[in-house]
Amino acid sequence: MNDNEKDSIATLVRLAGRRPEAAAERAGRVKTAVADEWRATIRRRRGARIGVAAAVAAASFAGVLWMRSKPQTTTATAAPIVARVQAVHGESRLIAGQALRAGVQLDLAENAFASLQWHGATLRIGGGTRLTLESREVATLRRGAVYYAGDAGLGGVTLHTVFGDVRDIGTRFEVRLGEDAVRVRVRDGAVELRGTTARAGMELVATRTAVTQRAVSTSGDGWSWIERAAPPLVLEGQTLESVLRQVAEEKGLTVEWNGARDVRRVLLHGEVPLSATEALDAATAAAGVAYRIEGDRLIVGDRS
Amino acid sequence: MNIEHADRFLVARLLRGDEEAFTELFDRHFGPLYRFALPRVADEDAAEEVVQKTLCRAVRKLATYRGEAALLTWLTTICRREIATYFEQRKKEPPMIDLSDDLPEIRAALESLGAEATVQRREVARVVHVVLDRLPGRYGDALEWKYIDGLTVAEIAERLTLAPKAAESLLTRARDAFRDAFRAAYGSGWNGAEVDA
Numbered sequence: 001m002n003d004n005e006k007d008s009i010a011t012l013v014r015l016a017g018r019r020p021e022a023a024a025e026r027a028g029r030v031k032t033a034v035a036d037e038w039r040a041t042i043r044r045r046r047g048a049r050i051g052v053a054a055a056v057a058a059a060s061f062a063g064v065l066w067m068r069s070k071p072q073t074t075t076a077t078a079a080p081i082v083a084r085v086q087a088v089h090g091e092s093r094l095i096a097g098q099a100l101r102a103g104v105q106l107d108l109a110e111n112a113f114a115s116l117q118w119h120g121a122t123l124r125i126g127g128g129t130r131l132t133l134e135s136r137e138v139a140t141l142r143r144g145a146v147y148y149a150g151d152a153g154l155g156g157v158t159l160h161t162v163f164g165d166v167r168d169i170g171t172r173f174e175v176r177l178g179e180d181a182v183r184v185r186v187r188d189g190a191v192e193l194r195g196t197t198a199r200a201g202m203e204l205v206a207t208r209t210a211v212t213q214r215a216v217s218t219s220g221d222g223w224s225w226i227e228r229a230a231p232p233l234v235l236e237g238q239t240l241e242s243v244l245r246q247v248a249e250e251k252g253l254t255v256e257w258n259g260a261r262d263v264r265r266v267l268l269h270g271e272v273p274l275s276a277t278e279a280l281d282a283a284t285a286a287a288g289v290a291y292r293i294e295g296d297r298l299i300v301g302d303r304s
Numbered sequence: 001m002n003i004e005h006a007d008r009f010l011v012a013r014l015l016r017g018d019e020e021a022f023t024e025l026f027d028r029h030f031g032p033l034y035r036f037a038l039p040r041v042a043d044e045d046a047a048e049e050v051v052q053k054t055l056c057r058a059v060r061k062l063a064t065y066r067g068e069a070a071l072l073t074w075l076t077t078i079c080r081r082e083i084a085t086y087f088e089q090r091k092k093e094p095p096m097i098d099l100s101d102d103l104p105e106i107r108a109a110l111e112s113l114g115a116e117a118t119v120q121r122r123e124v125a126r127v128v129h130v131v132l133d134r135l136p137g138r139y140g141d142a143l144e145w146k147y148i149d150g151l152t153v154a155e156i157a158e159r160l161t162l163a164p165k166a167a168e169s170l171l172t173r174a175r176d177a178f179r180d181a182f183r184a185a186y187g188s189g190w191n192g193a194e195v196d197a
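Chains as they are written, first to last, in this note's numbering: chain A, 1 to 304; chain B, 1 to 197.
By construction, these hints were calculated from the structure, which means they are not laboratory data.
Treat the hints with caution; some may be incorrect.
[Said to hold, decoys possible] Stretches of chain B that chain A covers, calculated by requiring three or more beta carbons in the stretch to come under 8 angstroms of a beta carbon on chain A: (1) 54-62; (2) 168-179.
[What the hints assert, rightly or not] Pair by pair, the computed Cβ-Cβ distance ranges are: (3) B:R90 - A:R136: 46 to 54 angstroms; (4) B:E44 - A:G90: 48 to 56 angstroms; (5) A:D302 - B:E44: 45 to 53 angstroms; (6) B:K61 - A:A210: 57 to 65 angstroms; (7) A:R303 - B:L160: 40 to 48 angstroms; (8) B:E44 - A:S224: 53 to 61 angstroms; (9) A:R245 - B:R60: 30 to 38 angstroms; (10) B:L160 - A:W257: 31 to 39 angstroms; (11) A:R130 - B:D149: 46 to 54 angstroms; (12) A:D165 - B:A63: 35 to 43 angstroms; (13) B:R81 - A:R39: 18 to 26 angstroms; (14) B:F87 - A:D3: 44 to 52 angstroms; (15) A:R44 - B:T172: 43 to 51 angstroms; (16) B:D149 - A:T207: 50 to 58 angstroms.
Positions of the beta carbon are idealized from the N, C-alpha and C atoms, including for glycine.
Generate coordinates for the entire structure from the input sequences, incorporating the hints supplied.
In structure tokens form, the structure reads like this:
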């Protein structure tokens, strides 16, 4: 954003003045009344759930219930909440919106993916992963793969592995733990592992004895599980530019506009949850533009 | 996380009885709903009544919220019905519809003015307020603190319990979001030079 745009926003906001507020006593009265209604609603829901739970417990006692126990989640109830589940795909006991407390160990089945809100950012968890959330900024990866998409302003996170601690410096990166080594691939920003720093487009491989580094692509099939673990995209009310930016982030691409600039602000409609690929197809079709992917670039242009 | 995902997440917490989530719901949506209702019922007591009924109905129906639109859009739909009920019960006609509506209506109204029309200062203010209400998180508040109250980044960081660098990043995102939303309302031809302060 250039200075002229910043000045324009400042002028507009000052011109408009402060948004009118209800008097504090009005807000207080409404808040009290609505809170009472909400708490009563929650009590009714819990009552209904207890009834259902009792029925399920009885069925279980009679030997009717068969539990599938692949994905296991254990929770230390007294610990603080450190993360929340954003989305779950595949077979898992995790549910969207679920709070996760410090110390919780997540075991995902091979066919499951999950996305958490953690440290103010998103943490994707791949199939077959075992991960312990130690706190709001520290986790221990015991097997499998995770992908963290952070924000430079949020401060770093640390992922413990048996091969060393992976510390991010405001970045998006994947950590995949194998039996003999841990691999860290960096899409954006930088990470540090046992004194070696890797920047965007680099991969670190750490064994018990050495850390090596090489260049890698930041997009392509090797990253596709991250998109599969993502929460769905909804187009409604978003601009084409905004949707393409999100799709590009999921796929590790950079958006390039080749003409078609006049449709960047087109507002899109559609309330069906879509994957990143579906959203890309739907958004470009709706806006009447074409796209192609070349290397790490998502090129958007007029239809020829 | 986009707005709908954040909203689904908030509703899931509300359904589990999370008190912090209730405070977040109320603090984030009471103001925008009150500003939506007030010009339509033209009376502060009536606006309070309508918004209270809206939010009470919403918390009873939370389990039906699917996250297919922003939570504020869903609440605004309920609020419209409550406003209609308010006038039906009193056998009164609602006042003329206000321009400070949700974004599609703003766009339609502004388009009807024609590309060459001078946008009235009052209407600009209304659109700015609606855009600020519809920005995610605390973006609207942060922009008001910065440009109306003249707070420094450090002071904004303190209010948001963020590090100064994070507050600066939030302000950057807030300005981007404001520009996008405002341009969506006004069309891509808008630029700051057209605004006569």
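*Going back to the hint list, which numbers does this structure go against?*
none
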